[in-house]
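Novice: Work the whole structure out from these sequences, hints included.
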Amino acid sequence: MKKSVRTLLLASTAALVALPAIAQERLVINSFGGVYEENHRRLVIEPFEQLHDVEIEVVTLYSADTLAQLRAQKDNPQFDVVHFSGGQEVVAAAEGLLVPIQPGELTNYDQLYTIAVEGIEQGHGPVYSISVAGLLYDETQIDPAPTSWNDLFTAADGDLVTIPDITNTYGLLTLLMLNKIRGGDLGDIQPGLDAVAELLDNGAQIVTSSPELQTAFAQGATNFAAYAADYAHTLRAAGMPVAFVQPEEGSPAFFITANVVAGRPNIELAKAFVDFSLRAEAQAGWAEAMRYSPSNKEVVLGDDMTAGMVYGQEAIDRVVRFDPDKVNAERAAWTDAWNRTIAR
Amino acid sequence: MPGAQGGQGLVEPIVLVTPGIALLFGAFLFPVGQILVLSVVPSGEELGAWSNFARFFADDYYIRVAWRTFRLSLLITAATALIGFPLAYAMARAPRWLAFLLLLLTVLPLMTSVVVRTFGWMMVLGRGGPVTDLLMLFGLSARNAVLLQTETGIVVAMVQVLLPFMVLTTLGVIAGIHPHLEEAARTMGAGFYKTLRHVVLPLSLPGLVSGSLLVFAISMSSFITPNLIGGVRLPVMASAIYQQAIHTLDWGFAAAQSTLLLIAVLGLLVPYLALMRRARV
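Chains as they are written, first to last, in our numbering: chain C, 1 to 344; chain Y, 1 to 281.
Among the clues, some could well be false.
As the list claims (entries may be wrong) - Across the chosen pairs, the derived CB separations fall in these ranges:
#, chain 1, residue 1, chain 2, residue 2, range
1, C, Arg71, Y, Gly48, 23 to 31 Å
2, C, Glu139, Y, Gly172, 55 to 63 Å
3, C, Pro144, Y, Trp50, 57 to 65 Å
4, C, Asp65, Y, Leu23, 24 to 32 Å
5, Y, Trp50, C, Arg71, 44 to 52 Å
6, C, Asn76, Y, Leu23, 29 to 37 Å
7, Y, Gly172, C, Arg340, 39 to 47 Å
8, Y, Thr112, C, Glu95, 44 to 52 Å
9, C, Arg71, Y, Phe25, 29 to 37 Å
10, Y, Val37, C, Glu139, 50 to 58 Å
11, Y, Gly48, C, Asp65, 27 to 35 Å
12, Y, Phe223, C, Glu139, 34 to 42 Å
13, Y, Leu74, C, Ala94, 46 to 54 Å
Honestly, the hints are just simulated from the structure, not real lab data.
These numbers were taken from a predicted model, which means no experiment stands behind them.
Idealized CB from N, CA, C, for every residue including glycine.
Specialist: Right under this line is the structure:
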């Protein structure tokens, strides 16, 4: 009797002493703030914390800044998982800042579209969300609905057409898409610049930010714009009769990736987190909340939602990805050329 | 005793100016010095010093941007002077309560952020705003040809933003002109306008000139109002510098443009200050 009490005492003391050693594991990740981060927490971060009994510290940091921090922390990295939306993973992987992920390490691998895992061989993480650019139009004013990027040039009201500035991601994508349609490539964007000049000659206007586009639609200053599918959803939610269409030539997009950072102690857990981001359940949540296109084939969405989205194999096949390496290398030169083209 | 006083005479001013000088050095002279160095030091190995300046002058795009900035600043200065001088004169000669009211109306906008004031103009000048509706009513304007994103729009908004600077500097000088001088001119047979032109205007010139310099210098370097009202298609020097520094990350070239802007403003201020000194002596 006495002995067992002592054993119990000993055991509990041991447990107390050992407690710090088995303290909760921690992951440090970045997210993009605002509504995005709210959804990120709800769909991925909090469920993962509960499932694996880990603590996740979220640092609000945009892609370019995250890459800058990763570079600065190369010898002593502070992030476990980083999310990028501007193709920065290509640069990070090339600089050895990321841990390559093998297809076998992702339980959701087989559920993903090819476009989502193309980069895995080059050592960066998979795509868990796609923000697609296309045409936004006022349903009450534009009939029939546009089907092609060329409709921008033949719009009945050329002065009600809006394109985003190149400093806006969608502006860059629009320029590259118009360039592609007009026969240019990433080595020569002059056809794209000529197309932009043509739109401006027709009276088109340029906006630099999303709220500016919202104001333009609200004031009737535009009824036809090149922009993001998810923003069409925002405008509809604000009560405007704005619809999205994926043009027949395809639509450029930016791809949000989850990547595992090299040189950290919890690489297995970080890989599990990336895998967790890919599951159909989370991606359905993203689609519902923000109209991001899922990269997971298994995501099932209702017709009421998919009308204004790029969704399903056929639509995803028409998503165009411009080589992020080349885009990053040429961005400054293109910005300069763009400014010269649009200046009055 | 005189020796001790002399020592004190040196210590006290030093103590008094140290915080100011420290702030000026840390927050102004040091960064400006860095910009100057950055503008001269070549950005690439193969480029010589001053290459950033050579690039500016060899490129008609940047010359056009600089010319627009200069031209608009002149227009803004002229317009503020034309509006500001009569207003300042009226304020100086109005009854006390009215002068106070006018002063309040002039200064009050300064209490609001320039961003807020500019947004107000965006509403007024934009589509659906009163100005556009009026213009369309008279058939003067096409549907989307509004004042927003035009040079006229920039000038209108900038004049409102900068008017207080002109009025306050001019008012100070006009208030110092004794009303007896005008009365004398009037009794000698000069009319109101003649008095204004030959007596008040010449005497208030120092105020008008310093107000104009202030307005011109601020116009040349202003960023928010031209950017929000003019949009991306009407770049001025400040927005070109912003583009280079933030979007294309060409800090050397941005620094060179900043330096040129500084030289342009100093080129006006320094001769003026020298003239004023001589006038006082």
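Novice: Against this structure, judge whether each hint is valid.
Specialist: Going down the list of hints, with the structure as the test:
| no. | hint | verdict |
| --- | --- | --- |
| 1 | C:Arg71 - Y:Gly48: 23 to 31 Å | holds (30 Å) |
| 2 | C:Glu139 - Y:Gly172: 55 to 63 Å | holds (59 Å) |
| 3 | C:Pro144 - Y:Trp50: 57 to 65 Å | holds (58 Å) |
| 4 | C:Asp65 - Y:Leu23: 24 to 32 Å | holds (29 Å) |
| 5 | Y:Trp50 - C:Arg71: 44 to 52 Å | violated (31 Å) |
| 6 | C:Asn76 - Y:Leu23: 29 to 37 Å | holds (35 Å) |
| 7 | Y:Gly172 - C:Arg340: 39 to 47 Å | holds (45 Å) |
| 8 | Y:Thr112 - C:Glu95: 44 to 52 Å | holds (47 Å) |
| 9 | C:Arg71 - Y:Phe25: 29 to 37 Å | holds (31 Å) |
| 10 | Y:Val37 - C:Glu139: 50 to 58 Å | holds (56 Å) |
| 11 | Y:Gly48 - C:Asp65: 27 to 35 Å | holds (34 Å) |
| 12 | Y:Phe223 - C:Glu139: 34 to 42 Å | holds (38 Å) |
| 13 | Y:Leu74 - C:Ala94: 46 to 54 Å | holds (50 Å) |
Of the numbered hints listed earlier, the single one contradicted by the structure is hint 5.
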